[in-house]
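> So the chains spell out like this:
2 protein chains.
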Amino acid sequence: LPRIAVSLGDPSGIGPEITAAALALPKVRRALVPVVFGDERAWKRACRIAQVPDRLERRALASAATGPALVPVTTLREKDLQPGKPTAAGGRAQLAFFERALDAVLEGQADGLCTAPVSKEGIAKAGIPFTGHTEVLAERFGARVLMLLAGPKLRVAVHTTHVALSEVPRRISTKGIVEDLVLFDRGLKAGLGIAHPRLAVCGLNPHAGDGGLFGDEESRLIAPAIRRARAKGIDASGPWAADGVIGRAAAGAFDGVLAMFHDQGLVAFKLLHFDEGVNLTLGLPRPRTSPDHGVAYDLAGTGRANPASMTAALLLCARLASQVPQAARGVRLASRK
Amino acid sequence: LPRIAVSLGDPSGIGPEITAAALALPKVRRALVPVVFGDERAWKRACRIAQVPDRLERRALASAATGPALVPVTTLREKDLQPGKPTAAGGRAQLAFFERALDAVLEGQADGLCTAPVSKEGIAKAGIPFTGHTEVLAERFGARVLMLLAGPKLRVAVHTTHVALSEVPRRISTKGIVEDLVLFDRGLKAGLGIAHPRLAVCGLNPHAGDGGLFGDEESRLIAPAIRRARAKGIDASGPWAADGVIGRAAAGAFDGVLAMFHDQGLVAFKLLHFDEGVNLTLGLPRPRTSPDHGVAYDLAGTGRANPASMTAALLLCARLASQVPQAARGVRLASRK
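If you read the sequences in order, they're chains A and G. Per the working numbering: the first sequence = residues 1 to 337. Per the working numbering: the second sequence = residues 1 to 337.
Hints should not be assumed to be uniformly reliable.
Cβ pair distances, simulated, as ranges [to be verified]:
1. A/193 - G/127: 46 to 52 Å
2. G/232 - A/235: 51 to 57 Å
3. G/51 - A/27: 38 to 44 Å
4. G/152 - A/171: 33 to 39 Å
5. A/152 - G/253: 48 to 54 Å
6. G/152 - A/144: 19 to 25 Å
7. A/127 - G/153: 40 to 46 Å
8. G/152 - A/153: 18 to 24 Å
Partial chain A-side listing against chain G, Cβ under 7 Å, derived [what the hints assert, rightly or not]:
9. 59
10. 126
11. 127
12. 128
13. 206
14. 210
15. 215
16. 243
17. 246
18. 251
19. 252
20. 253
21. 263
22. 267
23. 268
Keep in mind the hints are simulated off the structure, nothing from the lab. C-beta atoms are modelled at their ideal positions from N, C-alpha and C, and glycine is treated no differently.
Chain A extracted, bound-state conformation (with noise of 0.2 Å):
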């Protein structure tokens, strides 16, 4: 079975009991084998709030795992994981199981990597600047990668993330959109199975600029983006209207759709997907998966969240692990800290 490397999200957030109730599944544990970075006490904590039974064997060192195992990072007290109530240990915290959970798939501990989610203004607080997993996994493995969003229904990649929209037109590139392209048309074929992945690109402007009425980045960088896919054999078409397109490719019309900035993509796959969509990073010579919502502060702790995406996600990573070649495993991967 593939091993795992789970980080437990804020503590103080639905990160560590959906994370304990995923993996009480039996679907889960016949999938992979977990190896869980966090907190002993925020372990125990999430699985009595999850009533499951808590079945990890404590180790020092990840190394040392051969089964289930829960890796100790910090030793946070009670008032640190309070549901709702952040703190600057929590917000340390959740990053510091984040990159050991990295740090272990880097060095070939682990096979794949599943993040609970954390929340940015949490880690802020406590003084670290922190814009989000996807971004320091492209610093880390050194790698351009492509955030994807997948449910049932819509497969969406964004080609900026994280930014100030007042930024998001000067970081357009039709250099970067032909490499979103490459890594989406493979992401989908090697990764989800889909033999001729047809994709979608939207448009920056509102109706993709209606024909350069409002906005020129379609014709002037998108287009051009477009062709050298397509010239590359990717069944890329383009700038569509996202209004349009997006409702078009849940209907089946598209297998993937990327999107030029965060809610233009993002928006409309939480209204289809909010509970079953998984986050997958293309472009890592390892897989790595989270759940597609945040903390929820205001279901931490009443036992109401869903596992759904978590467990999604899980599952989703230990396929994707399962496909890596044999030859690459336990390679030890170059660590850029």
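Fit chain G to the known structure of chain A by using the hints.
Chain G only, in chain A's frame:
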């Protein structure tokens, strides 16, 4: 019955045929007296495509309309009516239909306005600058207006409409958001019969900026507007992350969502309500509605275009027109031509 001025839309698109189909429905004929501003050849052709009888009487002047009427605005040739093949004459015509219909409302000859889809690109090809019905209405009525998309599950208004994405950040204003919330609150109360509208306001940036990590418009411009609106007794909240709040609104947590820009609100709306949504302009002394879709050149002439959104637009316009106080009817409105 209220008299509704109807503009026939792009003669190469689906506008004429969905108008013909919708106006033939008994529930529509029972609700309003249509005065269609269009072209005789285009209208007859549309009735044939929609397979409905031509029941409108031709009248030279809208002022003479005492029953269902067609007011011929242009004399188009066959070549200007080819489905999916817009001509310059067709571009000019669709704008002329709209302007004559608008005149009829401004001059008190009609109680409301319902506009079939136009092609902004088609109008631009005729050499006429045009950004949208909503923008022209604001200018002609001399009023601040708000574009509202209303469907069974979701009601979304947009603070900025048809502008390049790079223009959006500088168009966000505290004063404008307050005015939008006043119009939104009033429109939902008076027009849609919601006694105490709960309005959610989206942030501009991904995750509403995640506490200032990417973009500061939320704290600098949007939050102050929400406070001012609340001081006026409006139940507004936010700024919320768009990718979370729109799903919550669709599930019933809010009566309306104010999005900051076009694709933030409209992608989700069209995904949920493609064939049943209505576009309603708030802030005018007379109601104006339209379907929430475009000219659909690929469907034009096939008879397969769904008239449901046009039907809903006509019925909502009639209902709103019936609510305009009797005292205000027939009053000649100031035309700002």
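> Now look at each hint and say whether the structure bears it out.
Verification of the supplied hints:
no. : hint                      : in the structure
1   : A/193 - G/127: 46 to 52 Å : 50 Å, holds
2   : G/232 - A/235: 51 to 57 Å : 52 Å, holds
3   : G/51 - A/27: 38 to 44 Å   : 53 Å, violated
4   : G/152 - A/171: 33 to 39 Å : 37 Å, holds
5   : A/152 - G/253: 48 to 54 Å : 24 Å, violated
6   : G/152 - A/144: 19 to 25 Å : 42 Å, violated
7   : A/127 - G/153: 40 to 46 Å : 42 Å, holds
8   : G/152 - A/153: 18 to 24 Å : 20 Å, holds
9   : 59                        : 34 Å, violated
10  : 126                       : 12 Å, violated
11  : 127                       : 13 Å, violated
12  : 128                       : 11 Å, violated
13  : 206                       : 4 Å, holds
14  : 210                       : 5 Å, holds
15  : 215                       : 3 Å, holds
16  : 243                       : 4 Å, holds
17  : 246                       : 5 Å, holds
18  : 251                       : 9 Å, violated
19  : 252                       : 14 Å, violated
20  : 253                       : 12 Å, violated
21  : 263                       : 5 Å, holds
22  : 267                       : 5 Å, holds
23  : 268                       : 5 Å, holds
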